[in-house]
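A.B. asks: Between the sequences and the hints, there should be enough to build the whole structure, so can you do that?
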Amino acid sequence: MSFESVTPARYARFMPQRYRLEANYCAKCDLHHFPPRQICKCGNKELETRTLPDEGEVLTYTIIHTPGSQFSDERPFAIGIIELATGARITAQIADTPFDEIEIGMRVKIEFRRIQTVGEAGVLAYGYKVVSM
Amino acid sequence: MSFESVTPARYARFMPQRYRLEANYCAKCDLHHFPPRQICKCGNKELETRTLPDEGEVLTYTIIHTPGSQFSDERPFAIGIIELATGARITAQIADTPFDEIEIGMRVKIEFRRIQTVGEAGVLAYGYKVVSM
Amino acid sequence: MRDVAVVGIGMNKWGELWDKDLRDLYVEASLLAIEDAGVDHIDSMYVGCMSSGLFNCQEHLGSLMADHLGLTPIPATRIESACVSGGIAFRMGFMEVAGGFSDIVLAGGVEKMTDVSGDGATFALATACDQEWEAYNGITFPGLYAMIARAHMHKHGTTREQIAMVSVKNHKNGMHNPNAQYHLTPSVEDIINSVKVAEPLNILDCSPITDGAAAVILTTVEKAKELGKPIIRVIGAGQASNTLALHNRSDLTRIQVTEDAAKMAYKMADKKPEDIDFAEVHDCFTIAELVIMEELGFVERGKGGAAVEAGETDVGGRIPINTSGGLKSKGHPVGATGVAQIHTLVEQLRCDMGECQVKGAKIGLAQNMGGSGGSATVHILEAMS
Amino acid sequence: MRDVAVVGIGMNKWGELWDKDLRDLYVEASLLAIEDAGVDHIDSMYVGCMSSGLFNCQEHLGSLMADHLGLTPIPATRIESACVSGGIAFRMGFMEVAGGFSDIVLAGGVEKMTDVSGDGATFALATACDQEWEAYNGITFPGLYAMIARAHMHKHGTTREQIAMVSVKNHKNGMHNPNAQYHLTPSVEDIINSVKVAEPLNILDCSPITDGAAAVILTTVEKAKELGKPIIRVIGAGQASNTLALHNRSDLTRIQVTEDAAKMAYKMADKKPEDIDFAEVHDCFTIAELVIMEELGFVERGKGGAAVEAGETDVGGRIPINTSGGLKSKGHPVGATGVAQIHTLVEQLRCDMGECQVKGAKIGLAQNMGGSGGSATVHILEAMS
Ligand SMILES: [Zn+2]
Ligand SMILES: [Zn+2]
Numbered sequence: 013m014s015f016e017s018v019t020p021a022r023y024a025r026f027m028p029q030r031y032r033l034e035a036n037y038c039a040k041c042d043l044h045h046f047p048p049r050q051i052c053k054c055g056n057k058e059l060e061t062r063t064l065p066d067e068g069e070v071l072t073y074t075i076i077h078t079p080g081s082q083f084s085d086e087r088p089f090a091i092g093i094i095e096l097a098t099g100a101r102i103t104a105q106i107a108d109t110p111f112d113e114i115e116i117g118m119r120v121k122i123e124f125r126r127i128q129t130v131g132e133a134g135v136l137a138y139g140y141k142v143v144s145m
Numbered sequence: 013m014s015f016e017s018v019t020p021a022r023y024a025r026f027m028p029q030r031y032r033l034e035a036n037y038c039a040k041c042d043l044h045h046f047p048p049r050q051i052c053k054c055g056n057k058e059l060e061t062r063t064l065p066d067e068g069e070v071l072t073y074t075i076i077h078t079p080g081s082q083f084s085d086e087r088p089f090a091i092g093i094i095e096l097a098t099g100a101r102i103t104a105q106i107a108d109t110p111f112d113e114i115e116i117g118m119r120v121k122i123e124f125r126r127i128q129t130v131g132e133a134g135v136l137a138y139g140y141k142v143v144s145m
Numbered sequence: 029m030r031d032v033a034v035v036g037i038g039m040n041k042w043g044e045l046w047d048k049d050l051r052d053l054y055v056e057a058s059l060l061a062i063e064d065a066g067v068d069h070i071d072s073m074y075v076g077c078m079s080s081g082l083f084n085c086q087e088h089l090g091s092l093m094a095d096h097l098g099l100t101p102i103p104a105t106r107i108e109s110a111c112v113s114g115g116i117a118f119r120m121g122f123m124e125v126a127g128g129f130s131d132i133v134l135a136g137g138v139e140k141m142t143d144v145s146g147d148g149a150t151f152a153l154a155t156a157c158d159q160e161w162e163a164y165n166g167i168t169f170p171g172l173y174a175m176i177a178r179a180h181m182h183k184h185g186t187t188r189e190q191i192a193m194v195s196v197k198n199h200k201n202g203m204h205n206p207n208a209q210y211h212l213t214p215s216v217e218d219i220i221n222s223v224k225v226a227e228p229l230n231i232l233d234c235s236p237i238t239d240g241a242a243a244v245i246l247t248t249v250e251k252a253k254e255l256g257k258p259i260i261r262v263i264g265a266g267q268a269s270n271t272l273a274l275h276n277r278s279d280l281t282r283i284q285v286t287e288d289a290a291k292m293a294y295k296m297a298d299k300k301p302e303d304i305d306f307a308e309v310h311d312c313f314t315i316a317e318l319v320i321m322e323e324l325g326f327v328e329r330g331k332g333g334a335a336v337e338a339g340e341t342d343v344g345g346r347i348p349i350n351t352s353g354g355l356k357s358k359g360h361p362v363g364a365t366g367v368a369q370i371h372t373l374v375e376q377l378r379c380d381m382g383e384c385q386v387k388g389a390k391i392g393l394a395q396n397m398g399g400s401g402g403s404a405t406v407h408i409l410e411a412m413s
Numbered sequence: 029m030r031d032v033a034v035v036g037i038g039m040n041k042w043g044e045l046w047d048k049d050l051r052d053l054y055v056e057a058s059l060l061a062i063e064d065a066g067v068d069h070i071d072s073m074y075v076g077c078m079s080s081g082l083f084n085c086q087e088h089l090g091s092l093m094a095d096h097l098g099l100t101p102i103p104a105t106r107i108e109s110a111c112v113s114g115g116i117a118f119r120m121g122f123m124e125v126a127g128g129f130s131d132i133v134l135a136g137g138v139e140k141m142t143d144v145s146g147d148g149a150t151f152a153l154a155t156a157c158d159q160e161w162e163a164y165n166g167i168t169f170p171g172l173y174a175m176i177a178r179a180h181m182h183k184h185g186t187t188r189e190q191i192a193m194v195s196v197k198n199h200k201n202g203m204h205n206p207n208a209q210y211h212l213t214p215s216v217e218d219i220i221n222s223v224k225v226a227e228p229l230n231i232l233d234c235s236p237i238t239d240g241a242a243a244v245i246l247t248t249v250e251k252a253k254e255l256g257k258p259i260i261r262v263i264g265a266g267q268a269s270n271t272l273a274l275h276n277r278s279d280l281t282r283i284q285v286t287e288d289a290a291k292m293a294y295k296m297a298d299k300k301p302e303d304i305d306f307a308e309v310h311d312c313f314t315i316a317e318l319v320i321m322e323e324l325g326f327v328e329r330g331k332g333g334a335a336v337e338a339g340e341t342d343v344g345g346r347i348p349i350n351t352s353g354g355l356k357s358k359g360h361p362v363g364a365t366g367v368a369q370i371h372t373l374v375e376q377l378r379c380d381m382g383e384c385q386v387k388g389a390k391i392g393l394a395q396n397m398g399g400s401g402g403s404a405t406v407h408i409l410e411a412m413s
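Residue numbers (my numbering), protein chains in the order written: chain H, 13 to 145; chain Z, 13 to 145; chain U, 29 to 413; chain V, 29 to 413.
Don't read these hints as lab results, they were simulated from the structure. It cannot be assumed that every hint is accurate.
As the list claims (entries may be wrong) - Residues from chain H that face chain V, not an exhaustive set, calculated with beta carbons under 7 Å:
(1) R22
(2) R25
(3) M27
(4) P28
(5) K40
(6) R49
(7) Q50
Claimed, not checked - Computed list of lysine-lysine pairs in DSSO-like fashion (alpha-carbon distance at most 30 Å, straight line):
(8) U:K41 to Z:K53
(9) Z:K53 to U:K183
(10) U:K251 to Z:K57
(11) H:K40 to V:K200
(12) Z:K53 to U:K224
(13) Z:K53 to V:K224
(14) V:K41 to H:K53
(15) H:K53 to U:K295
(16) V:K299 to U:K295
(17) V:K41 to H:K57
(18) V:K253 to V:K387
(19) V:K48 to H:K57
(20) Z:K121 to V:K253
(21) H:K53 to U:K291
(22) Z:K53 to V:K183
(23) U:K41 to Z:K57
(24) V:K295 to U:K251
(25) V:K251 to H:K53
(26) V:K251 to U:K291
(27) U:K390 to U:K253
(28) U:K253 to Z:K53
(29) V:K224 to Z:K121
(30) V:K48 to H:K53
(31) Z:K57 to U:K295
(32) Z:K53 to V:K295
(33) V:K253 to H:K53
(34) U:K48 to U:K291
(35) H:K57 to V:K251
(36) V:K253 to H:K57
(37) U:K300 to Z:K40
(38) H:K121 to U:K291
(39) H:K121 to U:K183
(40) V:K291 to U:K251
Values in this document were obtained by computation on a predicted structure and should not be read as measured data. The C-beta atom is built at its ideal place from N, Cα and C for all residues, glycine as well.
C.D. replies: If you want it as structure tokens, here you go:
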């Protein structure tokens, strides 16, 4: 269904971000950029590589009942926007947590998991999910 | 590989053109439009449905050695631009003809054949090819 | 800068149109617009379309459509900005005429979405959000708006019922629109009890998957007078961008790109929100309409739900919104939607809306949006007397 | 209409760049252009890209790129017209500045093609031709140009060797371009004996699959003077369309869309073919360059092959063509190509081309093309003294 949505090249390219949450940091703005950027909104290009903390808080969330084709087998699942301790934000699935226990403000911890199986080659694509603490 | 390139709906929609070479005709310009159009370049919208003749002539051609993903199994194959007796033109594979016998000006006849097998559902997509007369 | 008017509009019946392909839809709507305008030629064309690559395995739409309209060799350009592709196509047409590059421009939009399965459509639409950092992790478009809804409910006390009322109102309006995909009148309860898509949003909170096209003709006010058409002038045109990923926006209860585009349009038009008589806005999901009302300055921030509940956005209300039925009932062929909004503005300003006519409508606003709010256009049209 | 100048150019090394994604490429080139121009802000942006939907499962590029350049909330619009996406992005930027809508516009182009397999890329590129009536039956892009080649050889007596000489010349020029994908110098024999792709064209007649981006900054001539940059003025801008399907064109030895776009550009610039000092043209396949030379009026119809053979298009020749190395050696990331041509024009007009500098170059022309000739742009730039 998906047009070769993850090839090995694409998969390898994002490993530092998907496996280690590697961001970069603008000292001028005290701002973490995830994924890393070449330039901060302030114009600063001297950004420092930093690994993000693995704990954060749910800002908002939903339970997906009709996912895209590559997630058809996993419906329903919870997913939310998580603010990490440094202020950087990610969109991530909320795993191993009963849906009715999820709420805005809930503390979560990041774990590395399989995200999807994709493409004709059946490449397993890994990345981050969060679980309630 | 292809993103569901032929669905049953799409397949059925084009049957009058793919199976019967149904065109339409502008009497003002004495011009056949294939596939049929809603308006002729002259502005005429009163176009008459007509079936194209099944004979024509090769205007130009090539032998494809590196096809798109849905034709990978059939390489190499010949394909050309054919002008039918009425002046309408089609792009079509030139089948059952040794490559070195194909030439500009060669007379051909249209036949209905399987063109490709596509999509996850493996729909067989039919249409026209030409053979040397 | 020259004064620009919309002199022709065209739109076909929207829905699941299995027997028509991408070009059929676009050509049909365009021929209606050309006929309505009564022009004898077109100088240039813009085609708004989001993802004909993934939906139809066909790019290069400018050439395709110019060819099948018999308009070659005019310049013909396809614009893509997710669901605001049509709105930007219109803005490009406006600039081309206003700037003096062309006298008569066709701005159209199209999307043929039902040649792929439902899952396939969800996949294709998700390419409007950040593929690597949002879609990769499983989020969908209903999911993104559901997260906005959850945040809005949490911060402003917006109720599930208020959100559903957007759908009730728009379906009610859509009953009078012959081109609409759906003619039905769900109740608040029907909506709240409909199939779950992305909690708290259900299927009846979501705009549908649709095949359709719309087209309009832009020219100078001078030329419009020659054509003897009612003069509907484009007095404001705004466009803005924002972060592609929803999670990078500082306030998740807002869709700030709409405010930024509106500022540009209000400034050009020298108008304020209270000068607007009616609006067509991008209700891709019920919650979107509430937030957009706030961003456009029609209501205070956080008060969108209360305003809908009070009937302020009904046809007879203070600021009627989506009198066409909106994306909800009309359908949402994503590339066509922004152009169809202009179609409705012109119908209202020509007093052609029948049951849904806004009495004394002189100034209308159209707000169109891409993705979860990564891009937007706002246009303001005025009927000249 | 205001006078417009190109004040900044940026381009990265092109090739198979597995470690960079779509946004990386575009942001990199854009930052180089912004730095080169020395501007402190950008008012609006156009992103040319053909099929990020099929190549990268990502649409909505205006917002994506504005976001990652830190440029939000500016209007940011993606333009798609197959391989002339970049050329049209540039023309839109020109119109926006000339029309007085914005003072500083970034026009960029990008394509990230190597995230799919070779077959997948062939499939994606074929969406630039008529999917239902050309690609469906098995034709490919090399195949379309091969059919033009066969017809040209048949009608005009163009030889296989003459066609190959385009590749020889362009590769020779590309040896001096540090950003080019390939640095090699094939002989006519190497080309004629290389792997068959679509007879009579071989792999060394074809531009490669490439990842890359390019960007330029447009502003008013007035503002360019303030910036203290060499004034490279845009004196002509043309765009045209033609039938999408090759088989619907009356003369298969021609690519008429180029002549139509050129007419518009020559007229605006008030120039003739003989006024042009050098050109960058769309040599997606060797045969294309020969036909384009004829359409642009540089040589008589049917004489393209003889002119290349006589060295008329070499760097020191009568009308040097593709001094950058052309698409053949530089690579062809389809959405970026048209912008990269402008990059080269500016380098030449700034006398920055080193070994490939055309002596006394004052006026350059760029011709960019979509599909088998369904759309094209022609731009003419002049160095002001
Ligand atoms: Zn900063
Ligand atoms: Zn006719």
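A.B. asks: Holds or violated: H:K57 with V:K251, Cα cutoff 30 Å?
C.D. replies: holds (26 Å)
A.B. asks: Tell me if the interface restraint on H:R22 is satisfied: Cβ within less than 7 Å of some Cβ in chain V.
C.D. replies: holds (5 Å)
A.B. asks: Would the hint linking V:K41 and H:K57 be met if the CA-CA limit is 30 Å?
C.D. replies: holds (20 Å)
A.B. asks: Does U:K183 sit within 30 Å of Z:K53, going by the straight-line distance between their CA atoms?
C.D. replies: Violated, at roughly 58 Å.
A.B. asks: Checking one constraint from the list: CA of Z:K53 to CA of V:K295, max 30 Å. Satisfied?
C.D. replies: holds (25 Å)
A.B. asks: Taken at face value, is the distance from the CA of U:K291 to the CA of U:K48 at most 30 Å?
C.D. replies: violated (39 Å)
A.B. asks: Check the hint pairing Z:K53 with V:K183 against an upper bound of 30 Å on the C-alpha distance.
C.D. replies: holds (28 Å)
A.B. asks: Starting from V:K48, check that the Cα of H:K57 is at most 30 Å away, please.
C.D. replies: holds (17 Å)
A.B. asks: Interface hint check: H:R49, Cβ to nearest Cβ on chain V, cutoff 7 Å. Holds or violated?
C.D. replies: Constraint on H:R49 satisfied, holds at 6 Å.
A.B. asks: Hold the hint about H:M27 up to the distance rule: shortest CB distance to chain V must be less than 7 Å.
C.D. replies: Status violated, d = 10 Å.
A.B. asks: For U:K251 and Z:K57, compute the direct alpha-carbon distance and say whether it is at most 30 Å.
C.D. replies: Given that 30 Å is the threshold and the Cα spacing comes to 26 Å, the pair holds.
A.B. asks: Would the hint linking U:K300 and Z:K40 be met if the CA-CA limit is 30 Å?
C.D. replies: Status violated; Cα separation ~53 Å.
Of the numbered hints stated above, those contradicted by the structure are hints 3, 4, 5, 9, 11, 12, 13, 16, 20, 31, 34, 37 and 38, listed in ascending order.
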